[in-house]
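Now for the letters of each chain:
2 protein chains.
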Amino acid sequence: MDPSEVDVPPLKDLTIDNITDNVKLINSKCANPRLKYIVERIVQHLHDFARETRLSHDEWMTGLLFLTSVGQICTDVRQEFILLSDILGLSLLVDSIDHPKPPHSTEGTVLGPFHSHEAQSEPNGAVISHDPDGEPCLVLCDIKDTNGAPVEGVKIDIWETDSKGFYDVQYPGREGPDQRAVMHSDGEGVFWFKAIVPVPYPIPHDGPVGKLLVQLKRHCYRPSHMHFMFEKGGFDHLITALYLRGDPYETSDAVFGVKESLLIDLGTVSSEQAQKYGVKEGSKMIGYNFVLVSETESKELREKNAMEAMKAQGRTMKLWNGLPVPDMD
Amino acid sequence: MDPSEVDVPPLKDLTIDNITDNVKLINSKCANPRLKYIVERIVQHLHDFARETRLSHDEWMTGLLFLTSVGQICTDVRQEFILLSDILGLSLLVDSIDHPKPPHSTEGTVLGPFHSHEAQSEPNGAVISHDPDGEPCLVLCDIKDTNGAPVEGVKIDIWETDSKGFYDVQYPGREGPDQRAVMHSDGEGVFWFKAIVPVPYPIPHDGPVGKLLVQLKRHCYRPSHMHFMFEKGGFDHLITALYLRGDPYETSDAVFGVKESLLIDLGTVSSEQAQKYGVKEGSKMIGYNFVLVSETESKELREKNAMEAMKAQGRTMKLWNGLPVPDMD
Numbered sequence: 001m002d003p004s005e006v007d008v009p010p011l012k013d014l015t016i017d018n019i020t021d022n023v024k025l026i027n028s029k030c031a032n033p034r035l036k037y038i039v040e041r042i043v044q045h046l047h048d049f050a051r052e053t054r055l056s057h058d059e060w061m062t063g064l065l066f067l068t069s070v071g072q073i074c075t076d077v078r079q080e081f082i083l084l085s086d087i088l089g090l091s092l093l094v095d096s097i098d099h100p101k102p103p104h105s106t107e108g109t110v111l112g113p114f115h116s117h118e119a120q121s122e123p124n125g126a127v128i129s130h131d132p133d134g135e136p137c138l139v140l141c142d143i144k145d146t147n148g149a150p151v152e153g154v155k156i157d158i159w160e161t162d163s164k165g166f167y168d169v170q171y172p173g174r175e176g177p178d179q180r181a182v183m184h185s186d187g188e189g190v191f192w193f194k195a196i197v198p199v200p201y202p203i204p205h206d207g208p209v210g211k212l213l214v215q216l217k218r219h220c221y222r223p224s225h226m227h228f229m230f231e232k233g234g235f236d237h238l239i240t241a242l243y244l245r246g247d248p249y250e251t252s253d254a255v256f257g258v259k260e261s262l263l264i265d266l267g268t269v270s271s272e273q274a275q276k277y278g279v280k281e282g283s284k285m286i287g288y289n290f291v292l293v294s295e296t297e298s299k300e301l302r303e304k305n306a307m308e309a310m311k312a313q314g315r316t317m318k319l320w321n322g323l324p325v326p327d328m329d
Numbered sequence: 330m331d332p333s334e335v336d337v338p339p340l341k342d343l344t345i346d347n348i349t350d351n352v353k354l355i356n357s358k359c360a361n362p363r364l365k366y367i368v369e370r371i372v373q374h375l376h377d378f379a380r381e382t383r384l385s386h387d388e389w390m391t392g393l394l395f396l397t398s399v400g401q402i403c404t405d406v407r408q409e410f411i412l413l414s415d416i417l418g419l420s421l422l423v424d425s426i427d428h429p430k431p432p433h434s435t436e437g438t439v440l441g442p443f444h445s446h447e448a449q450s451e452p453n454g455a456v457i458s459h460d461p462d463g464e465p466c467l468v469l470c471d472i473k474d475t476n477g478a479p480v481e482g483v484k485i486d487i488w489e490t491d492s493k494g495f496y497d498v499q500y501p502g503r504e505g506p507d508q509r510a511v512m513h514s515d516g517e518g519v520f521w522f523k524a525i526v527p528v529p530y531p532i533p534h535d536g537p538v539g540k541l542l543v544q545l546k547r548h549c550y551r552p553s554h555m556h557f558m559f560e561k562g563g564f565d566h567l568i569t570a571l572y573l574r575g576d577p578y579e580t581s582d583a584v585f586g587v588k589e590s591l592l593i594d595l596g597t598v599s600s601e602q603a604q605k606y607g608v609k610e611g612s613k614m615i616g617y618n619f620v621l622v623s624e625t626e627s628k629e630l631r632e633k634n635a636m637e638a639m640k641a642q643g644r645t646m647k648l649w650n651g652l653p654v655p656d657m658d
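Respectively, the protein sequence lines represent chains A and B. Take the first sequence: its letters are residues 1 to 329, numbered as in my numbering. Take the second sequence: its letters are residues 330 to 658, numbered as in my numbering.
Derived from the structure by calculation, the hints contain no laboratory data. Treat the hints with care, since some could be wrong.
[Said to hold, decoys possible] Pairs of lysine-lysine residues, derived as DSS-like cross-links and limited to a Cα-Cα distance of at most 27 Å, are as follows:
| id | chain 1 | residue 1 | chain 2 | residue 2 |
| --- | --- | --- | --- | --- |
| 1 | A | K101 | B | K353 |
| 2 | A | K144 | A | K299 |
| 3 | B | K633 | A | K217 |
| 4 | A | K304 | A | K144 |
| 5 | B | K546 | A | K12 |
| 6 | A | K29 | A | K311 |
| 7 | A | K318 | B | K430 |
| 8 | B | K613 | A | K12 |
| 9 | A | K36 | B | K546 |
| 10 | A | K101 | B | K341 |
| 11 | A | K36 | B | K540 |
| 12 | B | K493 | A | K12 |
| 13 | B | K341 | A | K211 |
| 14 | A | K217 | B | K540 |
| 15 | A | K217 | B | K341 |
| 16 | B | K640 | A | K24 |
| 17 | A | K144 | A | K194 |
| 18 | B | K353 | A | K211 |
| 19 | A | K211 | B | K358 |
| 20 | A | K12 | B | K540 |
| 21 | B | K353 | A | K284 |
| 22 | B | K473 | A | K12 |
| 23 | B | K546 | A | K24 |
| 24 | A | K12 | B | K633 |
| 25 | A | K24 | B | K540 |
| 26 | B | K430 | A | K217 |
| 27 | A | K211 | B | K546 |
| 28 | B | K609 | A | K144 |
| 29 | A | K164 | A | K24 |
| 30 | A | K29 | B | K365 |
| 31 | B | K353 | A | K311 |
| 32 | B | K353 | A | K164 |
| 33 | B | K430 | A | K12 |
| 34 | B | K473 | B | K358 |
| 35 | B | K358 | A | K304 |
| 36 | A | K29 | B | K546 |
| 37 | A | K194 | A | K280 |
| 38 | A | K24 | B | K430 |
| 39 | B | K365 | A | K217 |
Isolated chain A (complex conformation):
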């Protein structure tokens, strides 16, 4: 920005007590009301954090170098900042805020850092895992709307680890995607595929986030689960996962993703199913009925919840592109 174009209030001699208001003031020329509000809240919390901890220069530097290392370990296939957000509970919180669910709809959960855009489009019945050591698992699901009508043509992104607990992208020498697919629901809202039984696995713990978990005496395991992401025009984007009930990490997921409504019991393929779906009788299966919320319903609920929360916090706000900003009028 050319300084001559900038209208900055005079600032000098800033102290522990007056710096926050002054930094807010210098940022207050921001033309985007939402960014302005977000930055105003960041400055307040960052400064309050320093004042409440009496943060030392050494701790400040340790923190900045920690964040630097989190950024530097990120690659096209590893997102350590998502992982950091996950283990601090921020990811789940943001999903809960942004994708509120009316009763009887499918709850969301953490995206995690391993979704990729490499998945192949597959037809119903496809084998999406080629790990010979994985235990075969038939996955048989359908999708309805909140009125109980089947939803056709939903794009479903599915991803899980191999039998060793690693996603394809964690293998440097991999040849292509595996244990992931993009599918579409049929006229009855059905989609089904052949995968493997999910296993528990550690989140990547060789980086700064793993080191932090050790410091906090937390383990880095996630319970067995399979990720699903649903997209269709007119419906709220749903990021969720199904978790195996009884997993040793069911109540201690390193990233706080488990919800009762997303727990499933592993079933067993009947002889009729074996014939119908071309799998072995007695092999494992997962079934689930997903319920998508319409975009309108989700938007209304999100905005209603937002305004109620703002009121409860004593803030006078209005909605701007569906998100709260201070109401200056």
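Here the structure of chain A is known, so what remains is to put chain B in place on it, guided by the hints.
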């Protein structure tokens, strides 16, 4: 961490309202009381921030990618997270908390991202800037303690930009350090050297922090200044800078560093000084009397301020390695 060694409270079905307490609970096994307190505060502020803004998934992702880019632009000679901390006022705030100054001692200010460990040790009288376009400037300073006694043998790190407003480390092809030196005060507490008149300059603005400043309609300029860092056993580490009074950015420093007590007027070398210091009569000069605080005095003041602040915040705390932690006794 081996999960069997970890004692984690059962967590499931976390919501907007209960997630914060539960994340704190899972982190509460941390053995280091200071880290535990710091992380507890981070979780509270991070979650409150999301609840107060009703942070959307897109905004969350934008933020994480922003932090990733801040980390990824960092190199051995560029620290973008320090820059981010600087423009948000956190750096100055932390310096004020960690290095409290009794009256009449020299105030501290931001370190900035351009201190390096490459500076050569130089004797009094050294030429520390070799930029032929710089305006020569004699710098003549002394160091006293708070009782007015000269302090000998202080290690002084000095750094400034060249006449174009760039630090040596910003030139990829540079041959070695310039516009920086490490010196030591003599028996009278004096140190002096030949430098150039500081110029205003933009902080690096080709990265994510520069882009943020544009969004906030802030300029990226720092007023003309010269950095100083003082170290001697028994004295509190002092990071400071001298600013030229009347600089166009005197009251709008992009990183909030200017303090009235650190403003200086450029002087003119007298004929006597010209002869004594081997510089041209009428050339520019900077003089300053630095006053260092003893480590004991600084520690006492820091701890007293910390405990008073904690009390004012309604927190029952005790000191642990000189820093506050919750007092559970």
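- Message: Checking one constraint from the list: CA of K36(A) to CA of K540(B), max 27 Å. Satisfied?
- Response: Holds - the C-alpha atoms of K540(B) and K36(A) are around 14 Å apart, at most 27 Å.
- Quick one, are K353(B) and K311(A) close enough, alpha carbons at most 27 Å? OK: K353(B) and K311(A) at ~26 Å, within 27 Å.
- Message: Hint check: K29(A) vs K546(B), CA-CA at most 27 Å. Holds or violated?
- Response: holds (6 Å)
- Query: Hey, K211(A) versus K546(B), does the alpha-carbon distance stay inside 27 Å?
  - Reply: violated (38 Å)
- Mind checking the alpha carbons of K36(A) and K546(B) for me, to see if they're no more than 27 Å apart? holds (11 Å)
- Within a Cα-Cα threshold of 27 Å, do K353(B) and K164(A) meet the stated pairing? violated (31 Å)
- Quick one, are K341(B) and K211(A) close enough, alpha carbons at most 27 Å? Between K341(B) and K211(A) the Cα gap is close to 24 Å, so the pair holds against 27 Å.
- Message: Tell me if the straight-line CA distance from K101(A) to K341(B) falls inside 27 Å.
- Response: Between K101(A) and K341(B) the Cα gap is close to 17 Å, so the pair holds against 27 Å.
- Take a quick look at whether K546(B) and K12(A) sit within 27 Å of each other, Cα to Cα. Holds, because 19 Å separates the two Cα atoms, which is no more than 27 Å.
- Taking only the CA atoms, is the gap from K613(B) to K12(A) under or equal to 27 Å? holds (25 Å)
- Are the Cα atoms of K546(B) and K24(A) separated by 27 Å or less? The hint holds at about 13 Å.
- Message: Hinted pair, alpha-carbon criterion (27 Å max): K430(B), K217(A). Please report holds or violated.
- Response: At roughly 38 Å apart (the allowed maximum being 27 Å), K217(A) and K430(B) break the hint.
In summary, the structure is inconsistent with hints 3, 7, 14, 21, 26, 27, 28, 29, 30, 32, 34, 35 from the numbered list given earlier, while agreeing with the others.
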